[in-house]
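Those protein sequence lines, which keep their order, are chains X and B.
Position one of the first sequence corresponds to residue 1 (my numbering), numbered consecutively onward.
Position one of the second sequence corresponds to residue 1001 (my numbering), numbered consecutively onward.
Think of the hints as simulated: they come from the structure by calculation, not from any bench.
The hints are all genuine.
Not everything, but these chain X residues come out facing chain B in the computed CB check (under 10 Å): (1) A25; (2) I29; (3) E36; (4) M38; (5) F40; (6) M43; (7) M45; (8) G46; (9) R148; (10) F153; (11) F155; (12) V156.
DEER-style ranges, computed between Cβ atoms: (13) I163/X - L1442/B: 49 to 57 Å; (14) Q144/X - F1315/B: 39 to 47 Å; (15) F137/X - L1238/B: 22 to 30 Å; (16) A93/X - G1325/B: 48 to 56 Å; (17) L1238/B - L82/X: 37 to 45 Å; (18) I1322/B - H89/X: 43 to 51 Å; (19) I1286/B - I204/X: 24 to 32 Å; (20) W30/X - R1183/B: 23 to 31 Å; (21) V177/X - P1280/B: 50 to 58 Å; (22) V177/X - R1016/B: 26 to 34 Å; (23) P211/X - G1047/B: 52 to 60 Å; (24) L1048/B - P211/X: 51 to 59 Å.
Even glycine gets a Cβ: it sits at the ideal position worked out from N, Cα and C.
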Amino acid sequence: MTERPAYSPGLAHHFETHAQQHRAATLGIWLFLGSEIMLFGGMFMGYTIYRILYATAFEQIAAHTHFWFGTINTALLLTSSLTMAMAVHHARAQNYQKSGRWLVPTAVLGVAFLALKVVEWYLEYRENLVPILGWNFDAHGVAQGPARLFMGFYFVMTGLHAIHLSIGVCLVVGLMVLLRRDKIARENPSKVEIIGLYWHLVDIIWIFAYPIFYLVSA
Amino acid sequence: MAPTLKNYLQDGSTLRSWFLSTDHKRIAILYLLSITFFFMIGGTVVGLIRLELLSPAGDVVSSDTYNRLFTIHGVIMVWFFLIPSIPVTLGNFLLPLMLGAKDLAFPRLNLLSWYLFIGGGIFTLVAVVVGGVDTGWTFYTPYSSTFANSAVITVAAGVFITGFSTIATSINFIVTTHTMRARGLTWFRLPIFVWSLYATSIIMVLATPVLAITLVLLAVERGLQIGIFDPSLGGDPLLFQHLFWFYSHPAVYIMILPGMGVVTEVIPCFARRPIFGYKPIAYSSIAIAILGFLVWGHHMFVAGESIYAMLMFSFLSYAVAIPSGIKIFNWTVTLYKGRIYMKTPMIYALGFLGLFTIGGLTGLFVAALAVDIHVHDTYFVVAHFHYIMVGGMVSALMGGLHFWWPKMTGRLYPEFLGQVSAWTMFLGFNLTFFPQFLLGYLGMPRRYHTYPAEFQVLNVMSSLGASILAVGYILPFFYLVWSLRWGKKAARNPWRATGLEWEYADSPPIKTNFESPPIVHGPAYDYDPQKEVNFD
Chain X
1 MTERPAYSPG LAHHFETHAQ QHRAATLGIW LFLGSEIMLF GGMFMGYTIY RILYATAFEQ
61 IAAHTHFWFG TINTALLLTS SLTMAMAVHH ARAQNYQKSG RWLVPTAVLG VAFLALKVVE
121 WYLEYRENLV PILGWNFDAH GVAQGPARLF MGFYFVMTGL HAIHLSIGVC LVVGLMVLLR
181 RDKIARENPS KVEIIGLYWH LVDIIWIFAY PIFYLVSA
Chain B
1001 MAPTLKNYLQ DGSTLRSWFL STDHKRIAIL YLLSITFFFM IGGTVVGLIR LELLSPAGDV
1061 VSSDTYNRLF TIHGVIMVWF FLIPSIPVTL GNFLLPLMLG AKDLAFPRLN LLSWYLFIGG
1121 GIFTLVAVVV GGVDTGWTFY TPYSSTFANS AVITVAAGVF ITGFSTIATS INFIVTTHTM
1181 RARGLTWFRL PIFVWSLYAT SIIMVLATPV LAITLVLLAV ERGLQIGIFD PSLGGDPLLF
1241 QHLFWFYSHP AVYIMILPGM GVVTEVIPCF ARRPIFGYKP IAYSSIAIAI LGFLVWGHHM
1301 FVAGESIYAM LMFSFLSYAV AIPSGIKIFN WTVTLYKGRI YMKTPMIYAL GFLGLFTIGG
1361 LTGLFVAALA VDIHVHDTYF VVAHFHYIMV GGMVSALMGG LHFWWPKMTG RLYPEFLGQV
1421 SAWTMFLGFN LTFFPQFLLG YLGMPRRYHT YPAEFQVLNV MSSLGASILA VGYILPFFYL
1481 VWSLRWGKKA ARNPWRATGL EWEYADSPPI KTNFESPPIV HGPAYDYDPQ KEVNFD
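Input sequences plus hints: build the corresponding full structure.
This is the structure:
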């Protein structure tokens, strides 16, 4: 550890060097992502157990989710991860203008995903597939209990994922504003990188959710 | 030595300078006040419980009220006192000092975690005011999700929010330990307290999110009737128990590992010997953290598990005894040929040794499949975990609080009263909980407000012990507050202890902890039993 330089913009008072600050920020976000995986992991675990218990019923009811919505959304999100990676790449090269330009499609793709998701939920509502309260639930010929369970997991998991994605979009928009105002100090590119990591995590969770809700019927 | 810079307590006296402070030391004080407040509530509630159990008939409160009392006792003591206790107070205060850092890695996150803690606490207290919750602290489904007629969602929300405060703290601790150690401070020169906080943080960051999602699923089942655990909707209540204990068993180690860390600081100082077996103690903390994730099924031996799962969970629970035993033996050997000073923190630490050993050994009883079927859900279990939680963790917290009190406040506590209260707590504790082992073995179930008349003698002993125990808590509260104003001023190192916080920081420390970044040249616990010392 070297002595703290006298003038060091973007370096918090309790760190000695930018490298140390960067290490701390990166390790911090990775730990947070680990806790996120445990959060979603609990639900994936629950789903898996019921998937084994009610194998056929889950396959039958999964045929009623909207395959094309899910697939297009997967493509949108994967593409957004690419644009996010480009933004991080340019931030690392300290090219903040280009970095900011790549954030625009990232946010747009995120919003498009959410919009499609909302339409999809509405269609499911129309088809009586929402198993909450006393709402009319149509299991489409599948056993009621397992069908409700499957759709229950579907709504809770895609709902929680959508909340995470909305937070991601807000973060990206906030980042765009900061970059536009030149508020990201040159010595501290961690912010773009950290939000990038979060974005990829939200993407990865979707990659796991997509097959268990849309592909099990095949 | 006259401090040249203002200490952290003098650095602003406005409310703003406290409630918006990002100084880890001030946040530790905020936390200390908060958990004391919650401890008082939890303690008052249990006073009513012990009052009710003085007589076999249910004559003080109704059974319904009784359910709410033990639930709120459990919820508050577990999530608002024990889980945060040592990490957020002593840990928050000492971690940067022990590492030679100016603050934790994320000071604002640290402040946020306190606000989340308070936010969660408010939710929980609101639930108490609007009628409480009667599910027990474990929130078992389907009772909690379908039948309970109380504020389940409000309390679950409180615990959920507090969970994020725990996660924030643990991320902060892990990152700080990795990235902010002073020059020369290698991993195996760290005080063991840092190792134990590190192991605790690993559990916190991996287990707490699972509790969070479990509570979310419980809330959507209760609020929206999405059946995840309800058998009438196709779900399985056992899934709830698996998810819940996947968090709550590791959480038990959140509640004891930091205490082990405190004891490892106190014993070498008052035996004037380097800790015996540094590496085994350090590694055993990590081993406990890992094994702790693999034993949750031992809470469900009578709930319906396959015999093979039960065998594995039983075996793995036994395995936890190995790292725990390693610690116990190393602490004991540290005392051998030491120059032992029976100061207040040492009395607490030795109390910890005895009480934790009893708690740990009875843990093996309940990990044995056949014995567990006999004592499951009886007072035997209650006594077992109170020996760990109260006998272990609270003793360690009190010991640590006395040990670092001069560092935190710049004042010495009155030694005689300290020793009186340490002994009072030890005696009161044993009188309260040892009879409960007998009660449980004889078959008294937990969570009932009435019991057969033949159990009365033991219950009266327990209630009497509880009132002695209460004196053991109230006494320190008064003399510690007294010492803030009238206590003797503390020098930099009143215990002649090793460690950066004693050797390089003032009592109380300045805002940035050290005047210049300290450099470490040797191993921790550099004590010499040949040398006579005079404490202040």
